[in-house]
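Note that the protein sequences, when read in sequence, are chains H and U.
All you need for my numbering is the position in the first sequence, starting with 1, plus 51.
All you need for my numbering is the position in the second sequence, starting with 1, plus 307.
No wet-lab data here; the hints were simulated from the structure.
Treat the hints with care, since some could be wrong.
Partial selection, computed: residues in chain H whose CB lies under 8 Å from chain U [as the list claims (entries may be wrong)]:
1. 201
2. 208
3. 242
4. 243
5. 246
6. 250
7. 253
8. 282
9. 285
10. 296
11. 299
12. 318
13. 321
14. 322
15. 365
Since the structure is predicted, the reported quantities are computational estimates derived from the model, not experimental observations.
Using N, Cα and C, we set each Cβ at its ideal position, and we do this for glycine too.
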Amino acid sequence: MTATEPIILGFEGTAHTAGIAVVQGTEILANKSATYIPSEGGIHPREAAVFIAKKFPLLLQEVISQLSFNLEEIDAIAFSQGPGLGPCLRTTATVARAIALKLKKPLLGVNHCVAHVELGRAITPANDAMVLYVSGGNTQLIAYMNGKYRIMGETLDIAIGNALDTLGRHLDLPHPGGPYIEREATKSDNLLELPYTLKGMSFSFSGIVTAAKKLKEKCSIPDICFSFQEYTFAILAEATERALSCTKKESVLLTGGVAANSRLQDMISNVADEQNSIFHVVPKDLAGDNGVMIAMAGVLLFRNKVFLPISESQVIPRWRADQVEVGWFDESNNK
Amino acid sequence: MNLTISEELTKGAEAIISRGAFVDLLIIIKHRVPKLYRHPNIDSMIRLHRIRAEAKIMTYAWKIGVNVPSLLGIDIQNYSLFIESIQGELLFVVLNDKPMNELSQIFSKLGDQIGVLHSNDIIHGDLTVFNVILKEPKIPCIIDFGLSKISADIEAKADDLLTFYSTLKAIHLEFQNLFNSFLQGYLNGYSEGKKTYQQMKKIQSRARYIARDERLV
């Protein structure tokens, strides 16, 4: 790492996580986050936004205390401009704008989905990869082609993390459902029948959730969890294999909160082997939403001088990864 | 049986494709291999279901005059199909070499063929430019019916259109023009085609983070 690498302060706040980090190039200098857990039901956008607003000042203090230099030394402020829940995005944007004005530093508007991909590219050996991005809000197969990240396949209704949470709540498991469903699933090897909903390289999960919920009356929770994972993950694995077979990407990158699931990791790793591709997974502590990914994507925007004037920094709740102009991608392996 | 299998051509996502000969006819052998990543019950259910669907529906499509390879044989124990070998390149491969006016004609013809499939309630299930072979001079030939089914459901037909649109969008800069040509042919081949297209836009608007302007395309 050379001394000329830009130092970026990143703010993540698209849904349930408030995250702040400082990075220099691909080196993490500070990283703090807090996650909102709803007392009942799913994420309430307004409550999540209030949570984020309360946490940012505390997290920022912690981050500042970890730095060996003054906050004035940073080069720019990056924030998650979208996609996400409107109230959360607006809160985060307000904080980022205020800090940028106070420090008189430029602002960088980061796409949350692209940031997940860029973090993976920065901290794993993956470069030109087929990315399977699995989280509570998104489930997409993303690959770089002709100047943009293209969405090869995606959920046509709800995200896999959302599906796991919804099923988890129905089975009276705590939030977030994913890790608890994974734990319950290890207690069973009895496969129940569920629908298999693959549409080309896209897929849908709400029908499988409904079918799995109906099993509650007559089947055990471990059996339901095991079967649900086996079906939904097999669909994701097959979609990934199809996308890989079409694009012949050199590697597969698994990221997002659900990437922490070891059964999913096993399946995707196996798919990568089958297609002579190398499997990479973002480590658990950085796979979910965090400030580091925003800051690292900010580094790329900063190097490309893609600055965002405050007057144009309104949030974009429905900003898709394929709408971002990617000026920094080098397909040859020299990252 | 005078069947010879000469070489493995390619390994697709779900099958090994080999070249062979039946007497003196060039053929393709499509062998669906087990996938170790998924539960064995799911694996055999999927492979059995798909080889049956593919055999049945390919034959049906061929009978109604759609450009598909003809099915020559099926070996259900080995999850293998014996299919006529089509000489030509995948549409995906030639997509960036051909001029737009030629591509427009090809896409319109392809749309017309899909229209004929849909008017006979045949759903392809994995309709992308990766599953079309361009037979010389420029006849699109539709392959890979593994995810196909018979259904009168407008939602299933719309899924075909959406899959085609999304993949095209992901890989070609002129996706909108090409899709319009495709759609023109589709509406020509299928009198109820307009309804399918409306439904496609409805499904599209259900997905996450679809920009508002794109919902109206």
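Here is what the structure says about each hint:
no.	hint	in the structure
1	201	holds (4 Å)
2	208	holds (6 Å)
3	242	holds (5 Å)
4	243	violated (10 Å)
5	246	violated (11 Å)
6	250	holds (5 Å)
7	253	holds (7 Å)
8	282	holds (7 Å)
9	285	holds (4 Å)
10	296	holds (4 Å)
11	299	violated (11 Å)
12	318	holds (4 Å)
13	321	holds (4 Å)
14	322	holds (6 Å)
15	365	violated (14 Å)
When each numbered hint is compared with the structure, violations occur for hints 4, 5, 11 and 15.
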